[in-house]
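Colleague: Residue-level listing of the chains:
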Amino acid sequence: MIRAKNIFKSFGTQEVLKDISIDFETGKCNLIIGRSGAGKTVLLKILAGLLTPTRGEVWYDDTNFLTLGKQEVREIRMKVGMLFQGSALFDSMTVEENIRFPLDMFTNKTRKEKLDRVNYCLERVNLKDNNDKFPSELSGGMQKRVGIARSIVLKPMYLFCDEPNSGLDPKTSILIDNLIESITEENNITTIINTHDMNSVMEIGDRINLLYQGKLAWAGNKSEVLESDNELLKDFIFASPFLQKLRQAALEP
Amino acid sequence: MISGLLYHFGQYLIMMRAALARPEKISMYWKETLRQMHDIGVGSLIIVMLISIFIGAVSAVQFAYQLDGTLVPSYYIGYVVRDLTIIELAPTITCLVLAGKVGSNIAAEIGGMRQKEHIDAMEIMGVNTAAYLITPKLVAALVMIPLLVAAASFLAIMGGYVASVPTDLVTQADYVKGLRSFFVPYNVTMMFVKAFVFAFILTTVSCYQGYFVKGGAIELGRASTNAVVVSDILILLADYIIAIIMTQ
Ligand SMILES: Nc1ncnc2c1ncn2[C@@H]1O[C@H](COP(=O)(O)OP(=O)(O)OP(=O)(O)O)[C@@H](O)[C@H]1O
Ligand SMILES: [Mg+2]
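Chains as they are written, first to last, in my numbering: chain A, 25 to 277; chain B, 80 to 327.
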């Protein structure tokens, strides 16, 4: 479990996060949703320790993350996987080298064992036999999937995904969502996903947290989304008239 | 201005302290060091060769011009070219040029990784990025740049020979006599001290400029330019300080 406790974050005079407290549960896909600029990426980076909050605490199970020394942080980090909004693949390395990098750096496995693990992860994201391609030779969706493969190669206990399906077609997007969901459930991972994709919300939203202008505006699961009367939530999820009609239809007895 | 300098200096020290930590995996660092040695050493050989030959040639020709009509014996040409290049020109000019070539390259490479979130991605994996990105470059530079400087001083002396002997500014026997006169081994020590110090400056300053880059393409370009300008200034400053300390 990852717990955010009264997180505040300002850049200069701009308050980006205001008093965020959320429990992210183990073995579940925890979603953070919100409009562009709501503070999702900032919150995720704070949870991952890439930014420090102005105030507040981050707990990884029983460990208070922000009080740890550099070495202890690195030990926790080996149990963390992260998919970046822009994939962040190392562009002078092949797909295989990218995915193998954490194994090379942190394990003493043999070549064969590493290759097996890389191939397993690639198969998992439906990218078998793309080992020798460079990131620039892949489509955006394929890059995202390589990013996922790289983030799970060390069998993380915590997985962060920043907009795993932005810029992807609905089919691929669902494929990636399902992939993240099954990895999460199989390995009992604490997964946190940033998204503004409504398909994902309804597909994999075990726990949904809506950020609005840096505040937590609503929290619940996907079935509660439909029934909620929260104006901000309705405004965000059912943004188009088409979706509003769908909601009406779904709620009619 | 002063507080800005102090801020950068402090941040630089913090970065260097993180960079000198124990490597996570020696083999990965070693692989990266070899790659950097190749980039820095082999990649800079041609330009260093060209520059040092011409510097030697120009020194010889101009010194011959200054000697013309004086009572100073012509074998002094060999002696002056040798000491001039060993003490000053080979280490300083070579490192100023390498700051432009290697330094800007390092700043652009690391800065690009920062902007594309590669550094964050490595941090999340648990990699000590300051160490992994800086130490191999530093070690490679500390090995390769003194070698390049030694090669440069040798080539400059050859350049002086080529420019002055076939053109009858000095006879071959005199040039060689000059090379063998008044030789002070301590000067070679001074050359290597300078080479080490300059190599350290240009690598770490360039890493610093890249590592803390923000923003986009314009900032990246500026970081790369800053790497060269700041390295050059610090190299010249260090040159002066070493000259004072080591010639006392
Ligand atoms: N490094 C930074 N310096 C200053 N302000 C920042 C920084 N990073 C983010 N912000 C500000 O924080 C706010 C939230 O940004 P954030 O990237 O978290 O949005 P987001 O919810 O992830 O949006 P999107 O869905 O578009 O990715 C924005 O107003 C942004 O201007
Ligand atoms: Mg974002």
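Treat the hints with care, as some may be off.
[Stated by the list, open to error] List of simulated lysine-lysine pairs, DSS-like, C-alpha gap at most 30 Å:
id, chain 1, residue 1, chain 2, residue 2
1, A, K103, B, K180
2, A, K157, B, K104
3, A, K152, B, K110
4, B, K293, A, K239
5, A, K133, A, K29
6, B, K195, A, K195
7, B, K293, A, K152
8, B, K195, B, K256
9, A, K239, B, K195
10, B, K293, A, K133
11, B, K256, A, K103
12, B, K256, A, K94
13, B, K110, A, K179
14, A, K103, B, K293
15, A, K138, B, K195
16, A, K136, A, K152
17, B, K293, A, K136
18, B, K110, A, K42
19, B, K180, A, K94
20, B, K293, A, K29
21, B, K195, A, K179
22, A, K179, A, K138
[Stated by the list, open to error] Only part of the chain B face toward chain A is listed, based on derived beta-carbon distances under 10 Å:
id, residue
23, M94
24, A97
25, S106
26, K110
27, H197
28, G205
29, K256
[Stated by the list, open to error] If the Cβ cut is set under 7 Å, some of the chain B residues that face chain A in the computed set are:
id, residue
30, M107
31, E111
32, M237
33, D318
No lab work stands behind these hints: they were computed from the structure. From the three backbone atoms N, C-alpha and C, an ideal C-beta is built for every residue, glycine too.
Colleague: Hint by hint, say whether it matches the structure.
Modeller: Hints, one by one, checked against the model:
{"no.": "1", "hint": "A:K103 - B:K180", "result": "39 Å, violated"}
{"no.": "2", "hint": "A:K157 - B:K104", "result": "26 Å, holds"}
{"no.": "3", "hint": "A:K152 - B:K110", "result": "27 Å, holds"}
{"no.": "4", "hint": "B:K293 - A:K239", "result": "27 Å, holds"}
{"no.": "5", "hint": "A:K133 - A:K29", "result": "38 Å, violated"}
{"no.": "6", "hint": "B:K195 - A:K195", "result": "27 Å, holds"}
{"no.": "7", "hint": "B:K293 - A:K152", "result": "36 Å, violated"}
{"no.": "8", "hint": "B:K195 - B:K256", "result": "58 Å, violated"}
{"no.": "9", "hint": "A:K239 - B:K195", "result": "28 Å, holds"}
{"no.": "10", "hint": "B:K293 - A:K133", "result": "37 Å, violated"}
{"no.": "11", "hint": "B:K256 - A:K103", "result": "68 Å, violated"}
{"no.": "12", "hint": "B:K256 - A:K94", "result": "60 Å, violated"}
{"no.": "13", "hint": "B:K110 - A:K179", "result": "25 Å, holds"}
{"no.": "14", "hint": "A:K103 - B:K293", "result": "28 Å, holds"}
{"no.": "15", "hint": "A:K138 - B:K195", "result": "26 Å, holds"}
{"no.": "16", "hint": "A:K136 - A:K152", "result": "17 Å, holds"}
{"no.": "17", "hint": "B:K293 - A:K136", "result": "40 Å, violated"}
{"no.": "18", "hint": "B:K110 - A:K42", "result": "45 Å, violated"}
{"no.": "19", "hint": "B:K180 - A:K94", "result": "34 Å, violated"}
{"no.": "20", "hint": "B:K293 - A:K29", "result": "29 Å, holds"}
{"no.": "21", "hint": "B:K195 - A:K179", "result": "24 Å, holds"}
{"no.": "22", "hint": "A:K179 - A:K138", "result": "13 Å, holds"}
{"no.": "23", "hint": "M94", "result": "13 Å, violated"}
{"no.": "24", "hint": "A97", "result": "8 Å, holds"}
{"no.": "25", "hint": "S106", "result": "8 Å, holds"}
{"no.": "26", "hint": "K110", "result": "9 Å, holds"}
{"no.": "27", "hint": "H197", "result": "6 Å, holds"}
{"no.": "28", "hint": "G205", "result": "4 Å, holds"}
{"no.": "29", "hint": "K256", "result": "52 Å, violated"}
{"no.": "30", "hint": "M107", "result": "6 Å, holds"}
{"no.": "31", "hint": "E111", "result": "11 Å, violated"}
{"no.": "32", "hint": "M237", "result": "37 Å, violated"}
{"no.": "33", "hint": "D318", "result": "35 Å, violated"}
Violated hints, listed in ascending order, are 1, 5, 7, 8, 10, 11, 12, 17, 18, 19, 23, 29, 31, 32, 33; each of the other numbered hints is respected by the structure.
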